[in-house]
Amino acid sequence: MSFADYLGQRWPVIGVLAVQHAEMVLIAVAVAAAIGVGVGIVVEGHPRASRVALNITGTMLTIPSFALFGLLIPVLGLGAPPAIAALVLYAIFPVLRNTVTGLASVPGAVEDAARGMGLSRWARLRLVRLPLAWPVVLTGVRVATIMTVAIAAIAAGVSGPGLGQLIFGGLARIGGANALNDALAGTLGVAVLALALDLLFVALSRLTTSRGLG
Amino acid sequence: MISGDVMIRLDRVSKHYPGQPAPAVAELSLDVPAGEIVVLLGPSGCGKTTTLRLINRLIEPSAGRILVDGEDVTRVDPDRLRRRIGYVIQQVGLFPHMTVAENIGLVPRALGWDRARIRARVDELLDLVGLSPETYRRRYPKHLSGGEQQRVGVARALAADPPVMLMDEPFGAIDPITRERLQDELLDLQARIRKTIVLVTHDVAEAVKLGDRIALFEPHARLAQYDRPAAILAEPANDFVASFVGSGAALRGLRLERVGALALEPVEVVRPGAAAVDRSARAVLLDDAGRPVRWASAGSRGAAGVAVVRTEDSVYDALDAMVRARDDAALVLDAHGDPVGALSWSTVVRRHPAGDSSPAPSFGDAR
Amino acid sequence: MTLTAQREESTRLSALGVLTTPALVVVAGAALLAYLRGQPLDAIERRSINVQVVLARLTEHLELVGLSTLLVIAIAVPLGVLLTRPRLRRLIPAVLAVANIGQAVPTIGVLVLLAVVVGIGTREALVALVLCSALPVLRNTMVGLQGIDRALIDAGRGIGLSRATVLLRVELPLAVPVMLAGLRVALILNVGSATLATFTNAGGLGDLINTGIVLNRTPILLTGSVLTALLALTIDWLVSLAEHVLRPRGL
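Protein chains in written order, with full-length UniProt numbering: chain A, 1 to 214; chain B, 1 to 367; chain C, 1 to 251.
One chain only, chain A, in its complex shape (with noise of 0.2 Å):
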């Protein structure tokens, strides 16, 4: 069978992996980023905290996905919950990173003038340090994304949804009629995932950050 004819007859399959992937994914840069942004705002201004934070966060980056899903299945057992949670603890650093890269790159001038104005530190955050930081972080969420969807992929090695599904299928079935065409939409399907969703962050960022600034 072809690769078209393929895709003709398991749209649909491969439509709902892509949608269980993108779930795993966007559900655990949703939580990496509120950690990471969280974290951010605490240690911003302490360079020591700033650097241990860092330093944590960016350890895992180091760590074999494989590795860290098989860490978590002695807690969390298999499927999806290892899967997330081995995501979450890989787009933290990036987030974290750009929170914290953001807010230090306010300008001294502005947040001088906030203070003068009189802004709370909570009011200096919200309508100022944020906002201008936001372009910053938005791109470490975004970077995030692209590394999780393609780590994501790992998942179904250790019985996770989503697209690796289709990849783990074509190995088990090498020989066999479609395994190919699994093992290539699989991939495929990964890379126009991460696309997909960066082109969908490009938007955001359009759409979510102020005229007065870039």
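For the record, the hints were derived by calculation from the structure and aren't laboratory data. Hints are not guaranteed to be accurate.
To be verified - Computed far set for chain B versus chain A, every beta-carbon distance over 10 Å:
hint, residue
1, Asp79
2, Gln90
3, Ala110
4, Trp113
5, Ala157
6, Glu180
7, Glu185
8, Asp188
9, Pro219
10, Leu256
11, Gly305
12, Arg310
13, Trp345
As the list claims (entries may be wrong) - A few chain A residues facing chain C, derived, Cβ under 10 Å:
hint, residue
14, Ile35
15, Gly38
16, Val42
17, Val43
18, His46
19, Pro64
20, Ile73
21, Pro74
22, Leu76
23, Leu163
24, Gly170
These numbers come from a predicted model, not from an experiment. For glycine and all other residues, C-beta sits at the position ideal for the given N, C-alpha and C.
Since the structure of chain A is provided, determine the placement of chains B and C on it from the hints.
The following block gives chains B and C in isolation, referenced to the frame of chain A:
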């Protein structure tokens, strides 16, 4: 020395930074009268900016008391204090993600004003600083020139109508021509709103131009002299002041004197086609529209036309006009543009005040 | 695909930082040993968890990582140099665009596709590893070379050095920090990708993890996972030291 209400009082205020041997500000006492512009002037590192930031508690004093409108600011919540004190800085610090209107309306919003009131206030303030609300309300800071940004910065500082405004080198980053204009506008504005303004600069000319009083700082925020500009230029308290205001002090002082305050010589006005009548007086030839063309008498021979000033101009401007016209006298016009006399070089140098021996200008109209 | 690409600029050497990783590795290794000692291992577990098997898997893993990394250096560095020469420089934006898209392709997909199309085994796994980790090295070689002040190159040419000498004596040494950062990313990627080689019968520590999952044996799973993680941390630590030592003085 200061009569009337004191708006800001610094009472033996000191600021020590840990790990630094010398205090940034040592036992400084200073009274700022209500409704005046007081300029903190001094070399860089003299603690003038530190002093300014002590007033709105962006820097906390180590010792001493600071009273604003009779209230000890160290006992007030700093954020609420700052909403009552406008603050303008050299880099302006407009919020780049907010429009001009949002920037100006931020403090009123924080104070809980309703939308209609904020909007009206924003428009009023834009008018006040000479920016058309229609054009500028929705613009972002990046679309403004440096001068426009600083105008918006001033409008933002005035948003909640604070009685006090602190300005830290507000025109320091602006080109000289725009700076002159913004200084003039600030004086115009101040004539209308009568705020108590404390302004930091290291530019003697700016201090002399803007200040009702100048507080001149030596290093470590020691007050070298606190007086009216003319007094500081005429009678420097010590060698430091004398050297800081520099060799141009006498010339700078001329900026503070009005042409109308000096004795003017009589001028005869000659219309086209007529001849001068009184040979002893200076005569000026006007064109059909009543504009001065050249001196008609022999005594003056300005090579570059007639130097023209108005009674409200400074003597410095008159000298400038004379030098440019390469002449030793300037024709003085009143507020309606009618000639009232001539100011001569020697009058300026000898400082003859008006009323000494000034004969009324004679108008020998020979129609 | 580039898990670690984000870390490039975040790691700095500090006295404490230098010692943290080895300490962590030792403690985690000891904890794993203590756990295994306290665990009554059944026959299946003993078959996987013994010194010979673990050492064999470790050796396979290191071979995969070492060979793929050498191949990446041999391919990506000359390619990067070539692409930054005046004649080919206009191709760089296109190459970078392809490289960025390439980041979205999952390693496991490349591995499986090669297995399906070419066959299973170590050689095919090596090809997949090289394909996936060449991009950061290529990218950083180009970026590093392009980031060099043109005036320095002109100065080198001006005092009469040949193009080749300028490349070897001026451009490459100055680009070393950026290139090393790319190499570090590639190495970490390879350590991670090599754990997936088990799926195409190429061995490595991933074998232990996969066996643990398939046979539902936690001790095997943990042994594989912990050892892989510790190996990655150790290699990353060694490269960070090398980065520090190899950085040209004066930069």
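Against the structure, the hints:
no. : hint   : result
1   : Asp79  : 4 Å, violated
2   : Gln90  : 8 Å, violated
3   : Ala110 : 6 Å, violated
4   : Trp113 : 14 Å, holds
5   : Ala157 : 8 Å, violated
6   : Glu180 : 23 Å, holds
7   : Glu185 : 20 Å, holds
8   : Asp188 : 24 Å, holds
9   : Pro219 : 24 Å, holds
10  : Leu256 : 31 Å, holds
11  : Gly305 : 46 Å, holds
12  : Arg310 : 39 Å, holds
13  : Trp345 : 47 Å, holds
14  : Ile35  : 16 Å, violated
15  : Gly38  : 19 Å, violated
16  : Val42  : 18 Å, violated
17  : Val43  : 14 Å, violated
18  : His46  : 16 Å, violated
19  : Pro64  : 3 Å, holds
20  : Ile73  : 6 Å, holds
21  : Pro74  : 5 Å, holds
22  : Leu76  : 13 Å, violated
23  : Leu163 : 8 Å, holds
24  : Gly170 : 6 Å, holds
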